[in-house]
Amino acid sequence: MGIETELNLSPTPGVASRRLKHPLLADRFSAVAELPPGLSPHPEAAGKLPSGHRVRLDESLQPVKALPIETNGGMTAVAGFRTVALACLTHLQSNEHGLCESDNPEFVHQARVAIRRLRSAIRVWKPRLPQEFVASFDPLWQALARQLGETRNWDVFLAETLPSILLAFPEGDEIVRLSQYARKRCVVNRTAARAALKSVDYSRLLLEFAAAVLALPEGKARRLEAFAPRCLDKRAAQVGQLAAEAAGGDAPARHRLRVAYKRLRYALEFFAPLYPGDSLRNYHQSASGLQEMLGRLNDLAVAGELTAEALPGSQGEALCCWLAGQTERLLPELEALLGDFHLQAAPWRTQ
Numbered sequence: 008m009g010i011e012t013e014l015n016l017s018p019t020p021g022v023a024s025r026r027l028k029h030p031l032l033a034d035r036f037s038a039v040a041e042l043p044p045g046l047s048p049h050p051e052a053a054g055k056l057p058s059g060h061r062v063r064l065d066e067s068l069q070p071v072k073a074l075p076i077e078t079n080g081g082m083t084a085v086a087g088f089r090t091v092a093l094a095c096l097t098h099l100q101s102n103e104h105g106l107c108e109s110d111n112p113e114f115v116h117q118a119r120v121a122i123r124r125l126r127s128a129i130r131v132w133k134p135r136l137p138q139e140f141v142a143s144f145d146p147l148w149q150a151l152a153r154q155l156g157e158t159r160n161w162d163v164f165l166a167e168t169l170p171s172i173l174l175a176f177p178e179g180d181e182i183v184r185l186s187q188y189a190r191k192r193c194v195v196n197r198t199a200a201r202a203a204l205k206s207v208d209y210s211r212l213l214l215e216f217a218a219a220v221l222a223l224p225e226g227k228a229r230r231l232e233a234f235a236p237r238c239l240d241k242r243a244a245q246v247g248q249l250a251a252e253a254a255g256g257d258a259p260a261r262h263r264l265r266v267a268y269k270r271l272r273y274a275l276e277f278f279a280p281l282y283p284g285d286s287l288r289n290y291h292q293s294a295s296g297l298q299e300m301l302g303r304l305n306d307l308a309v310a311g312e313l314t315a316e317a318l319p320g321s322q323g324e325a326l327c328c329w330l331a332g333q334t335e336r337l338l339p340e341l342e343a344l345l346g347d348f349h350l351q352a353a354p355w356r357t358q
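All the letters of the sequence shown, read from the start, carry residue numbers 8 to 358 under our numbering.
Hints are not guaranteed to be accurate.
Across the chosen pairs, the derived CB separations fall in these ranges [said to hold, decoys possible]:
1. Q351 <-> S186: 37 to 45 Å
2. A175 <-> L147: 36 to 44 Å
3. E139 <-> G255: 38 to 46 Å
4. E108 <-> G296: 27 to 35 Å
5. L74 <-> A315: 33 to 41 Å
6. G80 <-> L337: 16 to 24 Å
In short, the hints are calculated from the structure, not lab data. Even for Gly, the Cβ is constructed at its ideal location relative to N, Cα and C.
Model the full structure from these sequences, guided by the hints.
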């Protein structure tokens with residue numbers, strides 16, 4: 008069955024808008040090659056989006072979270088990837104306008120989550136995807152994720168970590184310098200993030216990636232219900248190995264565990280319709296709670312790095328020691344959450 012998407016091209020000022028329809032493309036880059044000079048393509052999701060994904064200029068902008076993805080066990084593996092990847096693009100583009108026009112840091116966060124989910128999907132389905140597809144697009148999404156990640160780090164530091172530091176250290180020239188530096192970095196990084204999302208390179212990435220996803224060959228039509236358990240087993244095994252390393256490890260070890268948990272959690276969300284019932288919900292809640300704790304620990308580790316950047320040498324030594332103490336205070340709670348998670352039965356093995 009053919010798959011068709013409608014791409015709305017937002018041209019440069021003075022050029023009339025036009026709409027292109029793309030069937031399942033044999034040459035995924037042909038649409039870009041045919042564009043007239045000076046036209047900046049910027050695709051939008053076709054048809055009517057769910058109400059939560061609409062952004063109207065006459066309404067207050069609101070950040071948009073990822074919606075449940077409608078996969079099913081009867082899909083082929085590649086059709087499952089296509090469904091997930093296009094949903095991630097919709098999530099990303101639903102937050103574009105807010106990121107570019109609003110100072111609400113949640114727009115940056117949701118755009119970054121959308122890209123992380125998309126890159127996780129590429130990793131989950133990597134054995135079923137053409138090598139050229141992965142090699143072409145994953146580095147481009149990674150570069151954009153890093154751009155938004157730098158913005159997000161300073162947003163979190165300014166909104167969540169700095170207030171706690173100010174309570175612990177209400178006075179001092181170092182605190183004033185740290186606050187000023189953090190605010191400047193937030194402005195600089197937000198400007199860079201907006202420029203990235205307004206660039207022709209980003210528009211072309213959206214167009215080329217969407218066309219490439221639609222053009223993916225089915226290959227061996229393996230069903231999603233047979234594909235999912237092996238993927239989840241692999242990610243759960245990675246988590247188990249890294250959890251053992253992180254138990255007595257340092258911040259980098261905990262960060263590796265956090266990344267692995269995120270990938271497992273996203274995979275669970277991609278395959279959620281295949282495993283209805285309490286088992287998946289309990290497993291997912293436990294994984295989410297553990298990921299939240301790992302996120303708090305990661306924020307403290309990043310805050311130490313940002314503080315050292317803002318106050319090099321001995322200037323920020325007292326603040327960095329305080330942040331390290333906050334980390335030590337949370338480690339027993341991390342151990343308890345790890346123990347609870349390992350007691351959860353894997354829902355894809357209990358069907």
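| request: Could you tell me which of the hints above the structure violates, numbers in ascending order? | output: 6
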